[in-house]
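Chains A and B are the protein sequences, given in the same order.
Per the working numbering, the very first residue in the first sequence carries number 1; after that it's consecutive.
Per the working numbering, the very first residue in the second sequence carries number 1; after that it's consecutive.
Please note that the accuracy of each hint is not assured.
Claimed, not checked - Simulated restraints, written as ranges between beta carbons of each label pair:
1) 91(B) to 148(A): 24 to 32 angstroms
2) 82(A) to 179(B): 38 to 46 angstroms
3) 75(B) to 137(A): 36 to 44 angstroms
The hints are simulated quantities; they were obtained by calculation from the structure and are not laboratory data.
Beta carbons: idealized from backbone N, C-alpha and C, even for Gly.
Here are the chains, one letter per residue:
2 protein chains.
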Amino acid sequence: MPRPSLKDQRSKEIRAAFARCVARFGLDGATLEHVAEEAGVSRPSVRHFVGNREDLIDALAAHVQQDYQAKMETLFAWLPQTGRIEALIEFMFAPSVVSSSEDVALAQALMAAADRYPSVAAPLKSWIMEFDQLIQNELSAHAPNASPADVAGASFGILSLYFNIDALSQLGLPERYGAAAKTAALNLIANLEDASDGAD
Amino acid sequence: MPRPSLKDQRSKEIRAAFARCVARFGLDGATLEHVAEEAGVSRPSVRHFVGNREDLIDALAAHVQQDYQAKMETLFAWLPQTGRIEALIEFMFAPSVVSSSEDVALAQALMAAADRYPSVAAPLKSWIMEFDQLIQNELSAHAPNASPADVAGASFGILSLYFNIDALSQLGLPERYGAAAKTAALNLIANLEDASDGAD
DNA sequence: CTATTTATGGTCATAATTGACAATAAATAG
DNA sequence: CTATTTATTGTCAATTATGACCATAAATAG
Chain A
1 MPRPSLKDQR SKEIRAAFAR CVARFGLDGA TLEHVAEEAG VSRPSVRHFV
51 GNREDLIDAL AAHVQQDYQA KMETLFAWLP QTGRIEALIE FMFAPSVVSS
101 SEDVALAQAL MAAADRYPSV AAPLKSWIME FDQLIQNELS AHAPNASPAD
151 VAGASFGILS LYFNIDALSQ LGLPERYGAA AKTAALNLIA NLEDASDGAD
Chain B
1 MPRPSLKDQR SKEIRAAFAR CVARFGLDGA TLEHVAEEAG VSRPSVRHFV
51 GNREDLIDAL AAHVQQDYQA KMETLFAWLP QTGRIEALIE FMFAPSVVSS
101 SEDVALAQAL MAAADRYPSV AAPLKSWIME FDQLIQNELS AHAPNASPAD
151 VAGASFGILS LYFNIDALSQ LGLPERYGAA AKTAALNLIA NLEDASDGAD
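Can you build the whole structure from these sequences, using the hints too?
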């Protein structure tokens with residue numbers, strides 16, 4: 001009887017538009033007008049399909065908690081059986097990915113606002129900690145004799161490089177910094193192998 | 001004849017208050033009311049002593065360009081003659097510094113807003129690039145035989161760890177991440193020594 | 001075709017932020 | 001003491017963001 005509901009579809013689109021606006025303007029700078037224009041709908045429609053600003057933020061937090069984690073796990077599931085670490089580094093620090101990763105920009109914006117918007121802190125924290133754990137798993141499998149402390153350090157270093165190369169690229173840093181990030185990541189891994197070789 | 005001017009003193013205080021507010025609330029979240037309250041003056045006084053919002057941002061950019069660079073150079077000048085790298089890492093990743101470094105939080109907030117406020121991008125960029133250059137100098141002196149690419153990677157890695165440990169600490173990550181950051185930094189340096197030893 | 005539900009847009013009220021001007025108090029040179 | 005400059009506060013207008021309600025159009029079941 002009723003007109004078919006577009007709520008699921010529109011909600012996704014609007015939430016995605018909100019994510020893009022937050023990545024570009026920050027959480028405080030992403031006004032509902034921005035979101036509406038980015039989503040191609042009117043501002044009252046944003047309210048109709050998702051709700052008020054708080055609802056948008058909650059939806060974004062749920063997005064991080066669910067879709068981000070799923071995307072991350074898909075990435076690790078798609079790594080080849082051999083050369084997993086190399087493939088992972090290649091993916092994380094490929095120039096095309098680095099310059100077009102809205103996920104990282106969104107994560108940066110949410111991190112910057114985490115203390116003001118507590119509802120986004122928990123999903124972000126669990127996502128990052130799980131990301132770290134997956135990298136640690138790969139590193140441990142790659143260098144079984146490396147110490148847990150070194151594995152934890154290398155994983156955190158790779159994550160930091162991944163986040164920072166995106167943040168700093170917004171400043172218009174020279175191209176060589178992208179190469180430096182990849183070099184550092186590979187050296188952190190090589191150091192694990194050296195240490196484990198030496199410990200044998 | 002005139003009443004003595006407090007402009008220099010008050011300008012500094014207000015600019016420092018603005019810096020603290022930006023570090024805490026982000027550039028968009030730092031309202032003039034916040035700044036006035038943080039500085040202990042009225043909002044019209046903020047306008048009287050520094051100017052409008054744009055003037056505040058320009059003053060902050062100048063602050064980064066001048067005081068930040070001076071503070072950074074003072075740090076490197078104070079490093080001991082021997083064990084300079086170790087002292088630098090100790091300083092950058094000491095728990096007390098990491099948890100109380102408003103400079104890094106401010107830098108993060110400005111980086112996040114660099115694309116929206118172009119006037120802050122250039123000072124930030126030059127500060128970071130000079131910071132990177134000073135670290136590279138130390139690393140090159142410490143491991144003369146290391147390749148320039150590895151030195152650049154290690155320097156960028158240390159900078160990334162330095163920035164990220166602060167950003168992530170706002171999420172309430174466990175204490176061990178601080179230790180992981182320091183471990184990663186030291187391993188990046190150790191890798192330079194190993195490579196240079198091997199190249200001899 | 002009719003009724004019901006949803007989509008979409010219009011509009012107003014309210015709060016927050018900012019810019020700007022006016023007014024008063026204070027301090028010092030002469 | 002007087003004049004001049006500065007400090008400080010009060011206040012209002014304009015802009016913007018947001019929330020909320022209402023009206024209209026559209027689509028589908030029956």
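Verification of the supplied hints:
no. : hint                                : verdict
1   : 91(B) to 148(A): 24 to 32 angstroms : holds (26 angstroms)
2   : 82(A) to 179(B): 38 to 46 angstroms : violated (32 angstroms)
3   : 75(B) to 137(A): 36 to 44 angstroms : holds (37 angstroms)
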